[in-house]
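Given chain A's structure and the hints, the job is docking chains B and C onto it.
So the protein lines, in turn, are chains A, B and C. Take 0 as the starting number for the first sequence in numbering that gives the first Met the number 0 and just add one per residue. Take 0 as the starting number for the second sequence in numbering that gives the first Met the number 0 and just add one per residue. Take 0 as the starting number for the third sequence in numbering that gives the first Met the number 0 and just add one per residue.
Warning: the hint list may mix true and false statements.
Since the list gives no way to pick one copy over another, a pair counts as held whenever it fits inside one copy or between any two copies.
No more than 30 Å apart at the CA atoms, straight line, and that leaves these computed lysine-lysine pairs for DSS-like [stated by the list, open to error]:
#1 Lys332 <-> Lys61
#2 Lys126 <-> Lys42
#3 Lys61 <-> Lys318
#4 Lys332 <-> Lys318
#5 Lys42 <-> Lys61
#6 Lys318 <-> Lys260
#7 Lys332 <-> Lys42
#8 Lys260 <-> Lys126
#9 Lys126 <-> Lys61
#10 Lys294 <-> Lys61
#11 Lys294 <-> Lys260
#12 Lys260 <-> Lys191
#13 Lys191 <-> Lys61
Simulated from the structure, these hints should not be mistaken for lab results.
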Amino acid sequence: MALTLGQLAVRFGCELHGNPSILVDCVGTLDAEGPVLGFVASKVYLPQLLATRVAAVVVDAKLAPSSPVPALVSANPHATFAHIASLLHPQSVAVPGVHPTALVHPDAQVDPTAEVGPWCMVGAGSKIGARALLGPHCTVGAQVTLADDVRLLARVTVCDGVTIGARSTLHPGCVVGSDGFGYAREGQGWTKVPQVGTVRVGEDVEIGANTTIDRGALGDTVICDGVKLDNQIQIAHNVVIGEHTAVAACVGIAGSTRIGKRCMIGGGTGMAGHLVLGDDIFITGFGMVTRSIDKPGLYSSVLPVEEARSWRRIVGRIKRLDSMAARLAALEKAAGVAAALQQEDSDD
Amino acid sequence: MALTLGQLAVRFGCELHGNPSILVDCVGTLDAEGPVLGFVASKVYLPQLLATRVAAVVVDAKLAPSSPVPALVSANPHATFAHIASLLHPQSVAVPGVHPTALVHPDAQVDPTAEVGPWCMVGAGSKIGARALLGPHCTVGAQVTLADDVRLLARVTVCDGVTIGARSTLHPGCVVGSDGFGYAREGQGWTKVPQVGTVRVGEDVEIGANTTIDRGALGDTVICDGVKLDNQIQIAHNVVIGEHTAVAACVGIAGSTRIGKRCMIGGGTGMAGHLVLGDDIFITGFGMVTRSIDKPGLYSSVLPVEEARSWRRIVGRIKRLDSMAARLAALEKAAGVAAALQQEDSDD
Amino acid sequence: MALTLGQLAVRFGCELHGNPSILVDCVGTLDAEGPVLGFVASKVYLPQLLATRVAAVVVDAKLAPSSPVPALVSANPHATFAHIASLLHPQSVAVPGVHPTALVHPDAQVDPTAEVGPWCMVGAGSKIGARALLGPHCTVGAQVTLADDVRLLARVTVCDGVTIGARSTLHPGCVVGSDGFGYAREGQGWTKVPQVGTVRVGEDVEIGANTTIDRGALGDTVICDGVKLDNQIQIAHNVVIGEHTAVAACVGIAGSTRIGKRCMIGGGTGMAGHLVLGDDIFITGFGMVTRSIDKPGLYSSVLPVEEARSWRRIVGRIKRLDSMAARLAALEKAAGVAAALQQEDSDD
Chain A
0 MALTLGQLAV RFGCELHGNP SILVDCVGTL DAEGPVLGFV ASKVYLPQLL ATRVAAVVVD
60 AKLAPSSPVP ALVSANPHAT FAHIASLLHP QSVAVPGVHP TALVHPDAQV DPTAEVGPWC
120 MVGAGSKIGA RALLGPHCTV GAQVTLADDV RLLARVTVCD GVTIGARSTL HPGCVVGSDG
180 FGYAREGQGW TKVPQVGTVR VGEDVEIGAN TTIDRGALGD TVICDGVKLD NQIQIAHNVV
240 IGEHTAVAAC VGIAGSTRIG KRCMIGGGTG MAGHLVLGDD IFITGFGMVT RSIDKPGLYS
300 SVLPVEEARS WRRIVGRIKR LDSMAARLAA LEKAAGVAAA LQQEDSDD
Chain B
0 MALTLGQLAV RFGCELHGNP SILVDCVGTL DAEGPVLGFV ASKVYLPQLL ATRVAAVVVD
60 AKLAPSSPVP ALVSANPHAT FAHIASLLHP QSVAVPGVHP TALVHPDAQV DPTAEVGPWC
120 MVGAGSKIGA RALLGPHCTV GAQVTLADDV RLLARVTVCD GVTIGARSTL HPGCVVGSDG
180 FGYAREGQGW TKVPQVGTVR VGEDVEIGAN TTIDRGALGD TVICDGVKLD NQIQIAHNVV
240 IGEHTAVAAC VGIAGSTRIG KRCMIGGGTG MAGHLVLGDD IFITGFGMVT RSIDKPGLYS
300 SVLPVEEARS WRRIVGRIKR LDSMAARLAA LEKAAGVAAA LQQEDSDD
Chain C
0 MALTLGQLAV RFGCELHGNP SILVDCVGTL DAEGPVLGFV ASKVYLPQLL ATRVAAVVVD
60 AKLAPSSPVP ALVSANPHAT FAHIASLLHP QSVAVPGVHP TALVHPDAQV DPTAEVGPWC
120 MVGAGSKIGA RALLGPHCTV GAQVTLADDV RLLARVTVCD GVTIGARSTL HPGCVVGSDG
180 FGYAREGQGW TKVPQVGTVR VGEDVEIGAN TTIDRGALGD TVICDGVKLD NQIQIAHNVV
240 IGEHTAVAAC VGIAGSTRIG KRCMIGGGTG MAGHLVLGDD IFITGFGMVT RSIDKPGLYS
300 SVLPVEEARS WRRIVGRIKR LDSMAARLAA LEKAAGVAAA LQQEDSDD
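So that you can see chain A by itself, here it is in the shape it has in the complex:
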């Protein structure tokens, strides 16, 4: 599909600097050529903008005058670019029908506009909504609800009783509704505690490749509307993630932790169980969250790499901080420093 800049300006409410009849048919990087639409979200990329040979760019009002090519001016260039890109590169849509190799239980209801792909299984009592798309090798258990426009791209496993809200997309290899890790100690070993809750996934959620979300032990695990989960995230039983929270790859969240709305959790972060995080909490990558956090803000605990030689010395110092504190206290005592100051640092 090719569209003119004029059409795009009208459709997305942008001011247009340049010839409205110029055509674009794809989005691309600033070093592309031809009928390509680029975008610049930050003045960091000004040098690339000045050298670009794309057909047009989406920019904000500040950068627009610097553009050597026609510009669609937007207050939120990233979002405008995303909308145009979705138009030029539409995602795959359901081709209505059940593939002859698929196995749909006679008690399941599949909307006639939905696509059930090759080697998919849909269990008893499950409902597949309008225009839902099940790619190859998907397993949908019993009593599952997939709302309208849900997309399971390929070999997604949705276990019994799970519900997925409208327009949510599940990427290859993800598992929703596997058993939580629940065992009771008994003698030397462990007795499995049946995980009888389920998972409720809201609308407009994305669940990344090979991400796993466990079903609740008794109550449910809940992923609210608009949550975005990257790849290889592990969400344990009875976790709740609030609306529009975004979680980057490789995050692990232990059981029963509740995260508020609009949080951003950096990649590789770990969270202990039974915590409560409020709204608008931001954790930098590789953070370790071991207590509840109430106050909105940015939190971190990453220790960046150093040359190994320096790092070994630093670790040695860290391990001997107690001794260092004792030496400091001894010096303070010798120097007659006020007890109050010293006290502040030696309480444990």
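Frame of chain A, contents of chains B and C only:
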């Protein structure tokens, strides 16, 4: 299925406080209603117990008097609850037979009571035990042994030569017996070292969703009886995990490390290779284990998140600990502090 | 297959200490018996070598005189052993043909020597090279190129447009070409940014079990020739990994980071986005890389576990380093220490 409290008290050896003819048909949280059995394992949940409207609860002798509803009294309420829950919510059982879409090699032996589900593959020389259950999309290689009552829930991959002990459960997406990461340096690149060992999984083991267990390079990787592995764990070649050890999600264990019995490894923990951990070692979440540990006990290395602003200051201090130590030593020298004390901290 | 030591010595250019007519038919550990070939790469294993009853070993010239059994002497015993092991334990090869359960699009080109296994799907416009092997349950999207001798072992997902170079091996459960995690903020929520780039994987690459590699947002994600990726690695959009770099399990690399050639990235390492790492950079396990690194060398940031009681004290000290620094500065002031020394440590 519905059972009376009287039946449950007899079957599980509990003292019963209340009417033995009351029926329960499921387990649930304390805020449920109807013929639901709840449980309380800690006095932390006393307020919820006092307000509960479930039909009955499982509690210990201390909490029993506080229960407003009939109580099954157990010395180990969590385990008793687990057993009752397993009775009320029985897991899926094998429906004997090989699905017409499955491909079973003529030289494989499948017990007539086993279920081989849709699109499963069973390779040459493999043996599938009594009542074993293979859900959809499972691949069982050649010369594999699945003992009685093994359950592969869905799209589990078990590679050539692997053995899985009785009653073990493998959750969706897990891979057992993939190649270990073994390469020899040669010139600028790497030459693959064939991984000719296999994986031996014991009895009553659970392997979580999307967990990966590599086959041994020469000898085998060994997961002993009663081990419980959560989701997204990575176990490298030639690792040995002792009986009844429980490993939480997202743990990575490098090659040839041996872990003892009854250990508990917190989520997100990493272990270097070629280590030996004794029995009854507990590692808190996100621990980094880089040396062998002999002494039973609790180990930790987590640095919890702080507000990013404070954290940046702390990281700066950490990186300059050497300089701080030098300043402290200089002060001590000036103050004439005994050399011995100072020595203790400045050895490297 | 059984080969004589004489044949192996000639084929791999080894000096032979011992009887050239001795046969070996497999490789194994030093505690094996029978016609087994072992190897010793380090004098650490000298005791095992002295006690071995294998038929022969591969060793270097220094260890050869200590061997109680015939020895193939190599300057690089590990690599020589790898080559011999590959000969004695050949990997599975493609059995030409498309399995009747596979679905190959009429517009796809499958080389007649390639094997397309059960329940595989090959999309429109895709090309499968000579001797390529697709194990069960693999999904190959549209416009994909798999070069000669590529091996997709089982349930591998290769998304639209991805190219995989010759002789590369993809292990079970890996996903190549899933969407990158790209969203534009809009109002309270997130608008998806279509990920229109792809993934280009070079020759002789290995991609481990359940590893995920996202397609580029606009440009491509690039895995260069000879790269070795272990299990459960996450590679975000537009990452570039240079030739012969090896990445151990559970590493996460955020978007647009570029890693040079011949790097070694230890397991569990996390890397922030938009970084540049040069050639020959080594990161120890669990490292956290948050800035670009230019200088070749070994880098680390791991804090090893301590007994939890000691660790709690250490964390307390770390959190109060600011106060400790203030006390030190106060003492220095009182002692009249030169301001210069103090300054060095209190800049923030």
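Consistency of the hints with the structure:
1. Lys332 <-> Lys61: neither (60 Å within a copy, 50 Å between copies)
2. Lys126 <-> Lys42: neither (49 Å within a copy, 42 Å between copies)
3. Lys61 <-> Lys318: Neither. Shortest intra-copy (51 Å) and inter-copy (40 Å) distances fail the 30 Å Cα cut-off.
4. Lys332 <-> Lys318: For Lys332 and Lys318, both the intra-copy (23 Å) and inter-copy (23 Å) Cα distances are at most 30 Å.
5. Lys42 <-> Lys61: within (9 Å within a copy, 61 Å between copies)
6. Lys318 <-> Lys260: between (38 Å within a copy, 28 Å between copies)
7. Lys332 <-> Lys42: Result: close neither inside a copy nor across copies, 55 Å intra and 46 Å inter.
8. Lys260 <-> Lys126: within (29 Å within a copy, 45 Å between copies)
9. Lys126 <-> Lys61: Intra 50 Å, inter 46 Å, cutoff 30 Å: neither.
10. Lys294 <-> Lys61: Result: close neither inside a copy nor across copies, 34 Å intra and 38 Å inter.
11. Lys294 <-> Lys260: Within. Shortest intra-copy distance 13 Å satisfies the 30 Å Cα cut-off; inter-copy 41 Å does not.
12. Lys260 <-> Lys191: Between. Shortest inter-copy distance 18 Å satisfies the 30 Å Cα cut-off; intra-copy 33 Å does not.
13. Lys191 <-> Lys61: between (60 Å within a copy, 24 Å between copies)
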